[in-house]
Structure formats: structure tokens, C-alpha cells
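Undergrad: Model the placement of chains B, C and D with the ligands on the given structure of chain A, informed by the hints.
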Amino acid sequence: MKVKIELSGGLELLFDKKKVHEIEFSDKNEIPLKDLILYMRDNLLKERSELFVVDDTVRPGILVLINDADWELFGGISYNVEDKDTIIFISTLHGG
Amino acid sequence: MKVKIELSGGLELLFDKKKVHEIEFSDKNEIPLKDLILYMRDNLLKERSELFVVDDTVRPGILVLINDADWELFGGISYNVEDKDTIIFISTLHGG
Amino acid sequence: MEKYIKEHTLKPNEIERYGRQLITPDIGVSGQMSLCNSSVLIIGAGGLGCPVALYLSSAGIGTLGLVDYDTVEISNLHRQIGHRESSKGISKAVSLSKTISELNSLIKVNTYETTFTSETAMEIIKNYDIVVDASDNVATRYLVNDACVLTGKPLVSGSALKWEGQITCYNYNNGPCYRCIFPTPPPVETVTKCSDGGVLGPIVGVIGSLQALEVIKILTNNKEGVLSGRLLIYDGMSAVFRTVRIRGKQSGCNVCGDKPTVTQLIDYTQFCQSNYSESAGK
Amino acid sequence: MEKYIKEHTLKPNEIERYGRQLITPDIGVSGQMSLCNSSVLIIGAGGLGCPVALYLSSAGIGTLGLVDYDTVEISNLHRQIGHRESSKGISKAVSLSKTISELNSLIKVNTYETTFTSETAMEIIKNYDIVVDASDNVATRYLVNDACVLTGKPLVSGSALKWEGQITCYNYNNGPCYRCIFPTPPPVETVTKCSDGGVLGPIVGVIGSLQALEVIKILTNNKEGVLSGRLLIYDGMSAVFRTVRIRGKQSGCNVCGDKPTVTQLIDYTQFCQSNYSESAGK
Ligand SMILES: [Zn+2]
Ligand SMILES: [Zn+2]
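Protein chains in written order, with this note's numbering: chain A, 1 to 96; chain B, 1001 to 1096; chain C, 2001 to 2282; chain D, 3001 to 3282.
No lab work stands behind these hints, which were simulated from the structure alone.
These numbers come from a predicted model, not from an experiment.
Heads up, the beta-carbon is just placed ideally off N, CA and C, and yes, glycines get one too.
Honestly, I wouldn't trust all of these hints.
Here chain B is said to cover these stretches of chain D; the calculated rule only asks that three of the stretch's residues, wherever they fall, bring their Cβ under 8 Å from a Cβ of chain B [what the hints assert, rightly or not]:
| no. | stretch |
| --- | --- |
| 1 | 3047-3054 |
| 2 | 3083-3094 |
| 3 | 3136-3142 |
| 4 | 3178-3185 |
| 5 | 3239-3245 |
So here's chain A without its partners, still in its complex pose:
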């Protein structure tokens, strides 16, 4: 399965400044979103993981979108990511 991950609102700075990451799990058909987030923490993000993950979920202030809609509409952290899903992590902005 292939998953497309997009980062915005400055989160990309934690991930090698890359806004788009394509991940392939050749041995899986689906993966719990929680496992994907921990995979990202352990494999894509090298330092300061507390800026992304707190208590095994994304930290407060990050909005997660599953195929352009709020993850809360799909069960949040308990969603099972499927082949070709796009998961977007947005850090909310506060400046003006």
C-alpha cells in the first residue's frame, strides 16, 4: 500500500523541510493511523519528536486531514489508513 503524507504550517521543518512524503508499506493493505504516526516519528523525524507526537498521538495544535477532511469525521486516531489515502498534518498558525 502507498500513503501520501503532506505537511504544512511549519511542520515540514521537522521532516527535512519536505512538504510531501510518499510511503510504501509493501507488506500491508492497511495500517492504523496511530501506527503511521509512530512510524513517522521513528523513521522520518529525527529530533524533537515532542513537537509532533505527545502521548502517542499528534500534539495539540495539529489538525489531521484524511483525504481533505478532518480526521474527527473518520474516528480520529483509530482510523485505519488505506491504500492511496492522503494524510495531511497541519500546524495551526497564530500570527497576523
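TA: Okay, now just chains B, C and D with the ligands, sitting in the frame of chain A:
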């Protein structure tokens, strides 16, 4: 087959002020774009057809998009519309 | 649909000034009358507040309120187009008020040279129909949200940093509030300020203009189009906008839910562990 | 990536003013120096021209040229935020120039109180690095395009009407020109003017701000992000933007193609069957 048609830049005014039209051709798998345009002229547009079609194609100043890309990238008027395609007709704006 | 009504209260100088606006479909004479009879409070007279105030004043909003404690600095002028060099050192609320009065003398402007806090918020907000969050810090954003929920005002919220911006409307037409989406404030170390990360003028120009348009849509009762339950995300570098669907009003929300625990304003500097002012945090 | 260079030519007052802009990623000191050393010509000082000029002047573009023959009317002020009531009756180019000089006295502004025509275009355009089309009519749009192709200048083109707007960059980095996309002018009866259809201030605010950002991207050499070969379509009522892929440079284009038939400026009022001025057509 189903086709989604979107109109913008004021063209929707010719089509009952509706920006989105869904058309179904139950007897077809594909339809030449030219035929679709003439179908629109004859069935969806009731008056002043010269504001939409001139010489059996869209009039100058209308940009046609096939699934979010310029129709010129797909052969223009000779494209064959497929099931679930989205065709967008945009009248270019000149004001400021 | 254009709405024409025979009996209207627009004066000849208003017809002259707003003519090309009121002929716009879905505005009409009745829409213009709504704008002229409405009041909007803008929290922040900085990068976002400038375009919001300029476009709302020129559109003929009857009364604008401008809240800002800061004074104009030269370093603001690369993005805060409603101020002038000659306003250096004077209150941003007063400076912006002066500019918009020169643009449209028909409207009324109230300035509040104060920090929007739990103590000042309710007294100020009660006089307005809609609130625009053009602030620059987390604590103010939670404060403005709760004050809007407690007083039943729609909130048009915009934010920007570097090359990016975000905008949505909260507490509108039974939609979600800021706390429905973000129940817990972000850890302090994850918040980047414009003074640290930088921000480009056209980015706040885009987001502020979009905020002004949402206010106009709300006031002219173009409900369907309002960005409620949807968040618009803008990446200026790639020139890509994305409108995404966000959750609706949450029954468990601490302020707008069925059993709210926040029934009056709290201390938001404590709640967010940060100040009401970006500059105070430096 | 932020670019830091040790030897720079920015003066202390420029560092002070542009500090929060030059710390923005992908701008940097070298980007700010490029902005300060560049010149941009803005065709039209109306709804689009105002935000373009305000944001480009505040960003520190070294020299701005403003072309507009019209004078300020009160009916312009609902959307043209760079003018003032006190400018009623005076040239729009001069009025806007005055406003931006009060915002940033470090930059140079040239005003051209003339209609941009086949006779005046080449003499004006040659002094500038980039051209912004903020005009309001078809004939001027073809004229500006051809003048840019013939002189090799990138063109940032925006347009707006009612609740909608469009923006793209032409003749940039071997991309298409306006004629590549629209080889034939639209029939006169299909063109709606802002004076007939109306237009909202925040719509030109969004599109004008976006145009200013494209200029900044071009001048700071952020090539990848430039809206070339892509068209951004904005529907303000539904708050939806769409960035669509358009055709590249056409080898058969009459002005930028392999065998151009247009090798000097023509009579665009004849070509388009309409005037260089929206108001002249009334
Ligand atoms: Zn809530
Ligand atoms: Zn061309």
C-alpha cells in the same frame, strides 16, 4: 456514463445560473467533447447560444478544462469525454 | 439573485459611493443596507487588521471597532499597509482609524487603545454584530473565541506566518467554535511568532481580504458560501489553496457544548502559558 | 532555504524596515537586495492596482511605475483602497503615488498620467523589469501582453468581476503568453465590465495581493512556485480556489511563437473592437 460540468466566470448565467450540472448518458460509454458542447447548447442553454458556441466550438475567450487541465493538453475539441470526467468552462475575466 | 427593494434608506451619497458594489449579484440594495447598518469589531490593527479594516470601511460597514494596544513601528510597514511613516510611535488603532476615515468619512470608527483581555473583552464586544480575529497570539485567539461564544457573535478568524495563511469562521449558524477544533492550546515551544519566523505582506493581504469577504457574506446573509465548518489553507509559495472540511460543533466542547465548563472568561495567559501580545513575549 | 550573505548593500534603515520580511525563508538578505534593486510597472491604478502597489511599495521594490489616465471618483472608493476622498478628481496614478510615498519614502515612484497605447507602451515599459496587468479591458490586456513579449518582460496578469477572480503569469521562464491561451479576442458582447456587473473590494484585494506575491517570487528567483503554466481561479462566494494546468508556450503563437506575425505593436482597439478604457466604452 456520467459527466460533471462546471461553469464559471459568468458562463453560469447562460445556464440557469447553475454552476454545476451533472449529465448522464445511459446509452453511451464515451462522447466526443464536440457533441457534448452541442448537447449543452441545444439542451441546457435556451437562448443566446452565440455567447457559448461559435462555429461548432466554444467561442473565443472561454477556457475549457478537462479534469482540471487545459483541454489543449488532451487534443482540444477532438477529446472523447469519458465516464466521471469533469469538464469546466471558464469565461476569462477582464475587469480590475 | 439580485434583490431590489423599492423602499430603501440609502442616501444619495451612499448610492453614488456603493453603486458598483450594490449592483453585484447577491448584494443588492438590501445587502448594502445591511452593511451600512452593521457593526464589526476587529481585534488587531496589524498585518491582517489593515486589509480587513480597509476593505470593510470602503464597503460601508456602518461602525467599525479597532482594538490594538501597540504603537506603529517602521518594522511593521512592510506588511501593515493601513499605517503611514508619519504614524510612527502612535497607537495602531488610532493610526488605522485615521487612514480609513480618509477613505470613507461616512462610517463611524471606534478605537480601543487597550489590550483585549478577560477584563476588557465583554464590555467592548457587546456593541458589535460580528468579530474579526486579526490578532497575533494564541492566548488572544482563545479569549476572542470564548467571548464570541458567550455573547453569541460570529467570529471570522484568520492567521498567517511566513508564506502561509489559514482562515475559517467560528460560531456561525450552529457551526463549530475554535475550541471545538482545538480543545487544548498548543505547547508553547511549538508556536512560531511572526517576529521570529517572518511574514510577507501579500500573505496577510490575501488572508485579510478573505476575512473581509466572509464578513460581507455573513452580513448580506449569503449563508451557503460562508466558510463555516470548512478551513481554507493557503500556501503562497506554491500558489495553492485548499478548502477542507472540518468537524462540526462538538457537543462535548468546553465552551459551546451541551455542558460547558467555561461559562465566563478565564485567564487565557495562564491557560495558554503565554501572553496576550506577541511583542510582550520577546 | 534562507540565504545569508556577508557583503550586502542594505542600509540600516532598510534592515530596520524590511527585517521581518528578509528573515522569511526563501527571501533572505539577497532576496531583499533583489527587491530593492528592481523596478515594476503597474498598468492600472484601480481595484487591482491599489493592493498591488501598496504591497509592492511596502515590500521595498526600488522603483514602481504607475500608469493610469483616469481620475479618482467617489464611486471607485468602495474597492480602490489606495485612494482617498480628498483625491477626488485628480489622477489615479498621482493619488496612488501619494499614498505609497507616505507608506514608504525609501522607494521611487514614477507616474504616467496617460493611456497605455501602442504609441506610449514601448517607451514606458523599457525602463522596468516586470509588468503587472491590473487593467480593466480586453484591448489593454492584448497590448500589454504583446509589449511584454516584444521586450522580454514577465507579465503578472490578474482580473476580477463580481465575486470572481483569475491570476496567472505570462511570458515567464519560457512559459505561455496571453495569446498562447487566448489567440482570438472574445466577441465584444460577451465581455462584462465592472461598471456593469459590479465587483467587490475584497475580490480585487485577494487577486491584487496574489499578484504582488508573484512579483516577489519572480524577483527573488523562487522559480518553482511561480504561477506560470498554471491559472488560479477564485470563486469568492463559495470560498473555493482552483489551480489548474494550462497549455505551455505555443510554437504557433502569433506573437511569441516560432514565426510570429506580430513583430511590433498593432492597433488593439481595432483588433479587439473595443476601447483601451472601460469608462470610454460606456
Ligand atoms: Zn466549541
Ligand atoms: Zn504566445
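Undergrad: Next, verify each hint and record whether it holds.
TA: Here is how each hint holds up against the structure:
1. Look at the stretch 3047-3054 of chain D against chain B: 3 of its residues bring a Cβ nearer than 8 Å to a Cβ of that chain, three or more, so the hint holds.
2. Look at the stretch 3083-3094 of chain D against chain B: 0 of its residues bring a Cβ nearer than 8 Å to a Cβ of that chain, fewer than three, so the hint is violated.
3. Check on the stretch 3136-3142 of chain D: 4 of its residues sit with their Cβ under 8 Å from a Cβ of chain B, so the three-residue criterion for coverage holds.
4. Taking a C-beta to C-beta cut-off of 8 Å, the stretch 3178-3185 of chain D contributes 5 residues in contact with chain B, enough for the three needed, and the coverage statement holds.
5. Counting residues of the stretch 3239-3245 of chain D whose C-beta sits closer than 8 Å to any C-beta of chain B gives 3, which meets the bar of three, so the coverage hint holds.
Figure legend: structure checked against the earlier numbered hints; the only hint not met is number 2.
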